[in-house]
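The chain contents come next:
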Amino acid sequence: MEIFRIINDFILPPAKSTVAADHDFLFWFVHLASFLLTFGIIVSLIYFLIKYRRKSEDDVTPVITHNNKLEVTWSVIPLIMALITFGWGFQTFLKQTTPPDDAYEISLTAQMWMWQFQYENGARSAGELHVPANRPIKLVMSSRDVIHSFFVPDFRIKQDIVPNRYTIAWFNAIEPGESIIFCTEYCGAGHSDMLGKVIVHEPEEFEEWLAANAGGGGEKPSDLPPAEWGAQLAQENACMTCHSADGSQTVGPTWQGLFESNVTLTDGSTVTADENYLRESILEPNAKTVAGFPPVMPTYQGQLNDEQIDAIIEYIKTLK
Amino acid sequence: MATAEASSNISKVQVRRYKPEEYAEHNYLNVAKGLWSWLTSVDHKRIGILYLVTTTFFFLVGGVMALLLRIELWTPAQTFVDANTYNQLFTLHGAIMIFLFLVPSVPAVLGNFILPIQVGAKDMALPRLNLFSYYLYAIGSLIAVYSILHGGIDTGWTFYTPYSSQTGGAVTSLVFGVFVVGFSSILTAVNIIATIHKLRAPGITWSKLSLFGWSLYATSIIIILATPVLAITLLLLTMERIFGIGIFDPALGGDPILFQHFFWFYSHPAVYIMIVPGFGIVSEIVSTFTRKVIFGYWAIAISSLAIAFIGFLVWGHHMFVSGQASLASMVFSFLSFLVGIPTGIKIFNWLATMHRGSISLRTPLLYILGFLFLFTIGGFTGIALATLALDVHVHDTYYVVAHFHFVMVGGMVMAFMGGLHYWWPKMFGRMYNQAVAKIGCLLIFLGFNLTFMPQFIMGIQGMPRRYFNYIDQFQGLHQISTIGAFVLGIGFIIAIANFIMAIYKGKKAGANPWGSRALEWQIPSPVPPHNFDHIPVIIHGPYDYHQPMADFQLGLATNGHAPAHGAEISAEKQETEE
Ligand code: HEC
Ligand SMILES: [Cu+2]
Ligand SMILES: [Cu+2]
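Same order as they appear, the protein sequences are chains C and G.
For the first sequence, the working numbering gives the first residue as 1, with consecutive numbering after it.
For the second sequence, the working numbering gives the first residue as 1, with consecutive numbering after it.
Fair warning: there could be bad hints in the mix.
[As the list claims (entries may be wrong)] Computed Cβ-Cβ distance ranges for the label pairs, DEER-style:
# : chain 1 : residue 1 : chain 2 : residue 2 : range
1 : G       : Leu446    : C       : Leu265    : 52 to 58 Å
2 : C       : Lys95     : G       : Leu67     : 24 to 30 Å
3 : G       : Gln479    : C       : Arg279    : 44 to 50 Å
4 : C       : Ile6      : G       : Gln479    : 22 to 28 Å
5 : C       : Gly177    : G       : Val64     : 41 to 47 Å
[Unchecked claim] No farther apart than 30 Å at their CA atoms in a straight line, the calculated lysine-lysine pairs in the DSBU-like style are these:
#  : chain 1 : residue 1 : chain 2 : residue 2
6  : G       : Lys508    : G       : Lys438
7  : G       : Lys508    : C       : Lys55
8  : G       : Lys438    : C       : Lys55
9  : C       : Lys69     : C       : Lys95
10 : G       : Lys12     : G       : Lys505
11 : G       : Lys507    : C       : Lys55
12 : G       : Lys122    : G       : Lys198
13 : G       : Lys438    : G       : Lys33
14 : C       : Lys55     : G       : Lys19
15 : G       : Lys508    : G       : Lys122
16 : G       : Lys438    : C       : Lys51
17 : G       : Lys198    : G       : Lys12
18 : G       : Lys507    : G       : Lys19
[To be verified] Here are a few chain G residues that face chain C, going by a calculated C-beta distance under 10 Å:
#  : residue
19 : Arg17
20 : Phe90
21 : Gly151
22 : Gly152
23 : Thr155
24 : Thr161
25 : Ala170
26 : Ser173
27 : Phe295
28 : Ile359
29 : Asp391
30 : His393
31 : Val394
32 : Phe468
Keep in mind the hints are simulated off the structure, nothing from the lab.
Please read these numbers as outputs of a predicted model, since none were measured by experiment.
Heads up, the beta-carbon is just placed ideally off N, CA and C, and yes, glycines get one too.
For reference, chain G alone in the conformation it holds in the complex:
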């Protein structure tokens, strides 16, 4: 990174300090009233809130299904639903959680809300497209809901052929729903990339882009490259089911293993679509609550891109026992080990950031500590699964179930919850009850471990996944897991209730309750309708805690020609407002 003085294309601008108002009476929440104004708004913040409400709804639906599954598993034989219902429940639990919650949540909720502010823009680059992609998501979800009510689906969220080509039920319509939702993700990703490229405020060079921005950038690349493959796969599956064209079903001359290749070519990168934005949140929170320059900015930024890239080449690790050639398995195993390295690097970087920091253990950081613990376990068990010989034994057992819940819930959902607790005061201008938030976090953490630790043991002992009945030997562990699931559920309900209470009863939070240097904290809370009343000017990176706060509250002083977006600048003169 060239120093500001050495570079020749630095523009000098006149700046002045804008100290943010603490509470914005006129803000994006009350700028217009009524449901209609929300449903037709192209404001990135309102769209973010729409996504928040919708994804939370699906999270709760998926969560209730998980609880029903856990209740059913209380006894080895039938407890209260029959095998077919059980099979539909786990299919829908998986499909809803992945396609309707995990994939859209961070990019579409927090990405939409926070990213434009972090780059100093008024909105996303393509606001109308943004609203359109919300509607695609809504329509896709409605189609999915229709399929649930119309016959249900019992294929598992993986839709493996030939079972999925043969079974009855609403496979075709669910697949179509997922297809539509996929397009919504693609459009959101395009929008994010355009925003990061085109709308960075003067001074935000690539080396001053927030790490949350970097992580969304990497995620968007994966989404744009991988989602079309899912769409193609689902389309082929639909053609097979409707027109009887043999592609995957051996009865029609197709190849079922081909489906698995197609499917995992999307679904493995999808794992990174879900987790990489979470990494971005972790970087933001760790830096803010340690008040310290992030350690290894470039290592963190580049490792996200490395994960995005290598992540495309490892899909075959889901197929070690499918009958694929040993040579292929070897290559996929090798690459899977490689993808673990950048992930490990990130964890070390966050730790190093905490070293000699000024650590304040507020709720967002508490969630991130939970993230670090659970995600580390998720990562290491991933290494075990990438080890060919070990995968043979634990493949398709509860070990795998526990592993991906550690990564998805322990990793991504913990980061998402941390992010919500971090940005909530910015989004609604009000602070939630801190004590209750910590209790919620603790229950989620304990409940999670109680639910999924026993599943590792069951898996090692041979308990296969997707089993309605199981042998008596596993009952004890299953019961612990079920109890844990309820603790987890209570934790989430407390956290969500606390959030809602905060909106109505919370104390005013102030513009920058955490003392962060990041740009989104230099404007009032809740955010004003157009984010900034001036064009912000950035001279330091978002993690430069050694620089005075005043340096982070700058805007263009004159209405003259603004320097190009993202240009490197140096501030000429500072005058303080008021």
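Chain C extracted, bound-state conformation:
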């Protein structure tokens, strides 16, 4: 068993959900069977090349136009193997995609280029999905803009998230730990930065986290200065996939030296980047767009409360 696990981990990501083992078993079946068949084909090919290489220009070859028995054999055996694989694949697929009735529901909103999770008691998190171990979790997912896709390699699950409709994914994580989330449907410049994390807690620890964040998690942790909290929020809310703190230009303008600078807008006018301007940029990004940048920033109206916005502004102020 242990040896199987080592081989498994060598090629597949660690198996951290209940369906992963089923998937991996099928994975090895298909790939080993394919390997054996390919190997057989290649060996006979090489054997023929050596045994039947041309000895003289007047070699006479036999006339074999067909052989019904042989042809039926090599059509029917692959067909049977294909049908087995198909049935097995479908059965495992149903397990992978059908959540149990008692699954714990969390809603996921995807947008360029971030993941936002909302829990039953109003708690929220961005980029990080908190879940208890050993409990089926059902994600009800929707998108604010284009198609994204929720992929957790460790869990062997993937599901597209389509605007204007809900799609569902589920998993049951078998042990506490962290697993990476990738977006696997191309969604523009920040697609490859649209990463997230699943944080699997012990059940009690999860309840604590949930209680502490009830009501939206908008309270500032008491031990943090506002600017540091702001830095954390900017990270969590994916501001940093479009903005940099070190002067490099990405999708959006850098925040370095932004505060109190003169910003040129698309209509040619200039404004001073004071607190009000920053606040407006976050809540109504398209009211004033910066010259030379596309109007792609999403609004954070209803997602960040005043205290959080203030903290982010404090953070921007520190970036001289």
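Fit chain G with the ligands to the given chain C structure using the hints.
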């Protein structure tokens, strides 16, 4: 297949043997001079060469883009271009390779050049249409090039909505270019079907049609049925972008999944448009270089048609995680498994042909061996992808990227290269340097494996495709892949340079350097302006290696009434010329 004697409608004709001249001083290459004579020629051979030059150009452009992408992926973060440029590069790499190279290459280059000769005709059935379709292709490509220079496109070659309805850039013009190129394919396909139906020389019954001809026939059916759907889809997309009519964009009340159905309804069959002609080349080369009757002629011919047909019903396997109903996914998965069977049958048939053959390992066959190895892997990983549960994990990862490169490059491009090495002496009358050709082939094979094997592993481990940045864990594998891409590139450059050298410096190849029985080898090299100086008469199939060569060099002896095209005939009397 009824024997010639038993059938009642056999016509008897007087035939005589025409032994081909080895080198035709007067040939299609020098019959007229100057660029203008090339650009206005309706000769199928010249049009084939025009396509060869143009598609090779786009292959090189797409290839350079691939190398740029691979360089960018050398490090996990930005290496030398920014994310937007990277996204445009992979979009254009895909769109150029697929629409401007893979789809037209075999039918329009080798199909145009070889097919009329293989059926014993002077030209394609509709020569002017043939030239027109070349110009449509050229115009479509120019529009595509214009879009690259004019803002670029960053949607991926799949143009998924709503991203493609919303993003800036020249989506509309690229889509229009692809639309025009699509019409060019349709016209070529019509021409191929007409040629096969109407222009087969006396004696070429359906059971004596070359397997390359059969594969082009199957391909043309797919092209004619599927390409209009692509055209409709692209038109709808354009209407949405220009007039804001909501079809696919949910912001306008449309349905983005509908686009995927439309798109893959064309693009899955397109996979077969690209690979099936390759199968035809493999059959020709395997038979010639084993000097043996092809095993399972009908199985190979019919399996192409079966693939063409079932291939229309599997598009939904690209959408297993899109949110389509499980029932639909089940049906699509099932049909995808079915389509694998005829493909497997072909591989077994080729193997069986080699069994007890007289195998000569020349460059064309070397490419076909590469094809068999790589395409088998491409096929089996396709089976893995058709398995619902496995697709969920590897969908949209590098596993898929590796899979389709194994099928498209490992399969189709290897077959195309094999075909070029096979027919080059016929096309230009000169032989390339064999040793250099083998080195090129070997580098392409090694470079290919080095590039794409690591991508399978990355995909299994979860590396998503179309990623500009990636997590550090994958750097080692990405670097191996990048190195492989350069080896691959060098291999192609050697092969292409060798071809060009052959035209100027190669030794005269002779009419039939490989000792093949196929009809195109029974006329001089390079091909004379009108292919045949007599109406050829065919009494054996193109793979009947147990029959004497003399039987394959027959033409009508009298100028009397020729039997109907494709009629079954028996030869009355043979006189040898000279
Ligand atoms: C999808 C990419 C994206 C994300 C995510 C994003 N922004 Fe922006 N942001 C932009 C772009 C592009 C601009 C410039 C155009 C404009 O003004 O709308 C911009 C402009 C701004 C400005 C004005 C900057 C200036 O130079 O005048 C501020 C402030 C700002 N964003 C803050 C934020 C904050 C805070 C967050 C996270 C809560 C965030 N942005 C998330 C893309 C983004
Ligand atoms: Cu994405
Ligand atoms: Cu497909």
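* State the violated hints by number, sorted upward, taking the hints as numbered earlier in the document. => Hints 2, 9, 10, 13, 19, 21, 22, 25, 26 contradicted; others consistent.
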